[in-house]
Every structure is written in C-alpha cells, then in structure tokens.
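Undergrad: Each chain is listed here by its residues.
There are 2 protein chains.
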Amino acid sequence: MRTEFHQQLDAINSDLARMCELAGEAMQLATVGLLTVDLEAAERVLTELEVLSRMRREVDQAALAVLARQAPVASDLRVVVAAVHITSDADRMGGLAAHVARIVRLRHPDPVLPNDVVGQFTEMGNLAVDLAEDAASVIIDGDPVRASRIRDDDEAMNDMHRRLFTTVMSPAWSHGVPAAIDLVLLGRFYERFADHAVAIAARVLFRSTGDTTRDFGQ
Amino acid sequence: MRTEFHQQLDAINSDLARMCELAGEAMQLATVGLLTVDLEAAERVLTELEVLSRMRREVDQAALAVLARQAPVASDLRVVVAAVHITSDADRMGGLAAHVARIVRLRHPDPVLPNDVVGQFTEMGNLAVDLAEDAASVIIDGDPVRASRIRDDDEAMNDMHRRLFTTVMSPAWSHGVPAAIDLVLLGRFYERFADHAVAIAARVLFRSTGDTTRDFGQ
Numbered sequence: 001m002r003t004e005f006h007q008q009l010d011a012i013n014s015d016l017a018r019m020c021e022l023a024g025e026a027m028q029l030a031t032v033g034l035l036t037v038d039l040e041a042a043e044r045v046l047t048e049l050e051v052l053s054r055m056r057r058e059v060d061q062a063a064l065a066v067l068a069r070q071a072p073v074a075s076d077l078r079v080v081v082a083a084v085h086i087t088s089d090a091d092r093m094g095g096l097a098a099h100v101a102r103i104v105r106l107r108h109p110d111p112v113l114p115n116d117v118v119g120q121f122t123e124m125g126n127l128a129v130d131l132a133e134d135a136a137s138v139i140i141d142g143d144p145v146r147a148s149r150i151r152d153d154d155e156a157m158n159d160m161h162r163r164l165f166t167t168v169m170s171p172a173w174s175h176g177v178p179a180a181i182d183l184v185l186l187g188r189f190y191e192r193f194a195d196h197a198v199a200i201a202a203r204v205l206f207r208s209t210g211d212t213t214r215d216f217g218q
Numbered sequence: 001m002r003t004e005f006h007q008q009l010d011a012i013n014s015d016l017a018r019m020c021e022l023a024g025e026a027m028q029l030a031t032v033g034l035l036t037v038d039l040e041a042a043e044r045v046l047t048e049l050e051v052l053s054r055m056r057r058e059v060d061q062a063a064l065a066v067l068a069r070q071a072p073v074a075s076d077l078r079v080v081v082a083a084v085h086i087t088s089d090a091d092r093m094g095g096l097a098a099h100v101a102r103i104v105r106l107r108h109p110d111p112v113l114p115n116d117v118v119g120q121f122t123e124m125g126n127l128a129v130d131l132a133e134d135a136a137s138v139i140i141d142g143d144p145v146r147a148s149r150i151r152d153d154d155e156a157m158n159d160m161h162r163r164l165f166t167t168v169m170s171p172a173w174s175h176g177v178p179a180a181i182d183l184v185l186l187g188r189f190y191e192r193f194a195d196h197a198v199a200i201a202a203r204v205l206f207r208s209t210g211d212t213t214r215d216f217g218q
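Residue numbers (UniProt numbering), protein chains in the order written: chain Y, 1 to 218; chain H, 1 to 218.
What the hints contain is simulated information worked out from the structure, not anything from laboratory work. These numbers were taken from a predicted model, which means no experiment stands behind them. Hints should not be assumed to be uniformly reliable.
Stated by the list, open to error - Pairwise CB distance ranges (calculated):
1) Y:Leu106 <-> H:Ser174: 32 to 38 Å
2) Y:Gly142 <-> H:Ala74: 30 to 36 Å
3) H:His108 <-> Y:Asp38: 29 to 35 Å
4) Y:Ser208 <-> H:Thr166: 46 to 52 Å
Don't be surprised by glycine CBs; every beta carbon is placed ideally from N, CA and C.
Work the whole structure out from these sequences, hints included.
TA: If you want it as structure tokens, here you go:
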C-alpha cells in the first residue's frame with residue numbers, strides 16, 4: 001500500500017503528465033491555426049493555456065508543501081525537485097505554442113505559410129504533439145522506449161529546423177524577408193518545444209538515478 | 001552569528017550571483033565578437049561557458065544536499081527552491097551568449113552585422129551586461145532599486161527587439177534574407193537573455209514573499 005506521502009508524489013506526477021498533454025494539445029491547436037489559417041483556433045490556444053499556467057502554480061505550491069512537511073530524501077527528494085523543473089518546462093512548451101498562435105493572429109487573414117512549406121510544418125506539428133505525449137508518458141512510467149523515441153523525434157525536429165533554414169536562405173526563395181522571418185521564428189518555436197520535451201525526459205532520468213550530467217536541453 | 005546552515009545558503013547565493021556575472025561576461029565577449037568580427041572572442045565565449053555549466057551542476061547538487069540534510073522550511077526552503085531555478089536561468093543566459101558566438105563563428109570572416117545596425121547591437125549588448133550584473137546584485141542583497149532597473153532594462157530590450165523587426169521587415173532593407181534572419185535570431189537571443197534576468201529577479205522576490213503569481217518570464 002502506498003503511504004499518504006507517496007500518494008502526494010503520485011498526484012504531482014499525474015499533474016505533470018497532464019501539463020505535458022495540455023502543452024501538446026495547445027501546440028496541436030496552434031498548428032491547426034497555422035496550417036488552415038484559422039483565427040479561432042489560434043485564439044483558443046491563448047485561452048486554454050491559462051489552465052496550464054494555473055496548474056503550474058498549483059503544482060509548484062504542492063511541491064513546496066511536500067518539501068516543507070515531509071522533508072523527503074534520496075530519490076523521493078529528486079522526484080520533487082524534478083517536478084519543479086518539469087512544471088517550468090511544460091509551461092514553457094505552452095508558451096511556445098502561444099508564440100505560434102500569436103504569429104497566426106498577427107498575420108490573419110493572410111496565411112503565415114507559403115504553400116511550399118505547409119508539408120514541413122505539418123510534420124513539425126505532428127512531431128511536437130508526439131513529443132509532448134511521450135513526455136507525459138515517461139513522467140508516469142519512465143518507459144525507456146518512449147524516452148528514446150523522444151531523443152529520435154528531437155533529432156528529426158532538428159533536421160526539419162535545419163531544412164527550413166536551407167529553404168528560406170536559398171536564392172530560390174521568392175516570398176521575401178517578412179515571410180522568411182516568420183518561418184525561421186516558427187521553426188525555432190517548434191525546435192525549442194522539442195528541446196523542452198528532451199529536458200523533461202532528462203529530468204525523469206535524474207529522478208531515478210541522480211545523474212545530472214545529462215544535457216537538460218534548455 | 002550565522003549558523004552553518006545559513007552559511008551554506010549564503011555560499012549558494014554567492015555562487016548564483018557569480019553565475020550571473022559569468023553569463024554577463026560571456027554575453028559581453030560574444031557582443032565584442034559580433035561587433036568587431038573577432039573570431040577569437042567568439043571561441044573564448046564557448047570555452048568560458050564550461051565554467052558556468054560546471055557551476056550549475058555543483059550548485060544544483062549543493063541545493064539538493066541542503067534539502068536532504070537540513071529539511072529547511074518557510075523562507076529558507078524558498079531560498080533553496082529559488083536557487084535551483086536560478087541556476088537554470090543563469091545557465092540558459094550563458095547558452096544564449098553561446099548562440100551569439102556561434103553565429104559569429106559561422107559567418108566568419110564575414111561580419112554578421114550590416115553597418116547600419118551596429119549601433120543597435122552595441123546598445124543591446126550593453127543592456128544585456130547591465131541586466132546580468134543587476135541580477136547578480138539582486139540575488140545578494142535583494143536591492144529593490146536594482147530589481148526595478150531590471151524591469152526597465154528588459155522593457156528597453158523589448159523595444160530594441162521590436163525596432164530590429166521594423167528595420168529588417170522594411171521595404172528599405174537591402175541586405176537580403178540571410179542577413180535579416182541572422183539579425184532576427186540575434187535579437188531574440190538578447191531579448192531572451194533579458195527575460196531570464198527578469199525571471200531571476202522574480203525568483204528572488206518569491207524567495208522573500210512566497211509570491212508565485214509574478215510572471216517568471218520564461
């Protein structure tokens with residue numbers, strides 16, 4: 001039987017996983033807004049992220065309360081310290097989805113994306129959602145298969161990001177400077193989103209091993 | 001007389017302040033590299049940041065040790081929790097200086113900056129250094145004057161960042177897409193650097209008041 005203390009840690013982890021899911025849902029919605037020039041989707045991202053920010057404050061408070069009342073040590077302590085980092089990463093993932101939504105809103109009713117990069121952003125959006133879901137799953141069960149898929153998807157995201165640079169920097173680019181800048185910033189938002197999922201996976205690893213030499217990817 | 005426990009907290013805070021100073025020195029050196037097309041300066045940034053990353057791991061470990069052995073509560077607990085966030089922010093500030101240095105290295109021997117934006121980046125570099133120094137100072141003494149100067153300098157940085165967008169997106173921009181992209185990314189690195197200094201000031205505030213409603217600016 002789990003003690004009350006371990007039930008508190010379970011509740012924190014379950015909230016952390018939910019935060020990652022919310023960040024993934026926000027990036028999915030922001031990507032829909034981007035791909036289909038959907039202002040309403042973009043606006044909804046910004047509203048729904050308020051839930052994520054509220055959860056962050058609640059989980060941070062819960063973690064502080066556990067530290068103050070239970071004075072955990074060893075791996076239990078690392079779970080709580082990892083938690084306060086993970087709330088920060090998940091909230092930041094939501095913030096990056098908000099950045100995508102804001103660019104959609106800023107350019108509306110014009111599309112942000114020229115047709116020839118819609119496929120690239122579809123793929124980056126799918127990767128981002130997978131990464132957030134895998135991060136949620138790794139938090140709950142530490143599944144090493146999912147953790148290694150996070151690394152692979154992050155690599156794939158970095159490749160997409162580099163490809164985007166090649167596209168907009170090529171002499172064949174015909175959409176001008178403002179469109180190029182939007183694309184480079186969007187690419188960076190998706191790439192940073194992936195980095196935070198990697199950071200979460202590294203935090204989970206630290207939680208069980210105490211290993212701080214892994215790149216936390218920030 | 002300070003107890004051994006409070007001496008440990010003082011040592012952590014002193015290391016955090018040093019980390020901010022190192023991040024500021026790295027951004028100063030990266031800006032010198034950028035403004036004077038100095039490859040050696042850019043390379044030195046990358047080497048010197050290893051010290052910052054090592055300090056981050058050491059301070060994170062020291063904070064964990066304090067939590068495990070001393071089980072602090074109330075404001076002492078908040079000092080330690082703030083510390084693990086601040087190491088992350090300061091290390092990330094160093095990472096952003098590294099991003100600037102890498103662009104300098106990538107374009108070398110060509111300059112990254114067209115002449116007409118050298119003044120803007122000189123100013124952004126100065127703001128970044130001031131922000132890092134003020135963050136260091138706020139960590140040590142919580143000086144509200146310095147804390148409010150961080151807010152002002154961050155606002156000034158945001159203005160510079162917006163001005164940069166106006167410059168490169170203007171029809172008068174004559175330096176092409178690749179230069180525009182470099183500038184927008186550089187602008188974002190300086191602006192994010194400032195955001196982390198703001199986050200550090202907010203953490204220091206949380207440390208003394210427990211207030212988590214302030215925007216941690218990530």
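Undergrad: For every hint, state whether the structure bears it out.
TA: Right, here's what the structure says about each hint:
1. Checked against the hint of 32 to 38 Å, the C-beta distance between Y:Leu106 and H:Ser174 comes to roughly 24 Å, which is inconsistent with it.
2. One distance hint, 30 to 36 Å for the beta-carbon pair Y:Gly142 and H:Ala74, holds here, with the actual separation near 32 Å.
3. Separation of H:His108 from Y:Asp38 is about 43 Å and departs from the stated range, judged on CB atoms against 29 to 35 Å.
4. Between Y:Ser208 and H:Thr166, the C-beta spacing of about 49 Å keeps the proposed range 46 to 52 Å intact.
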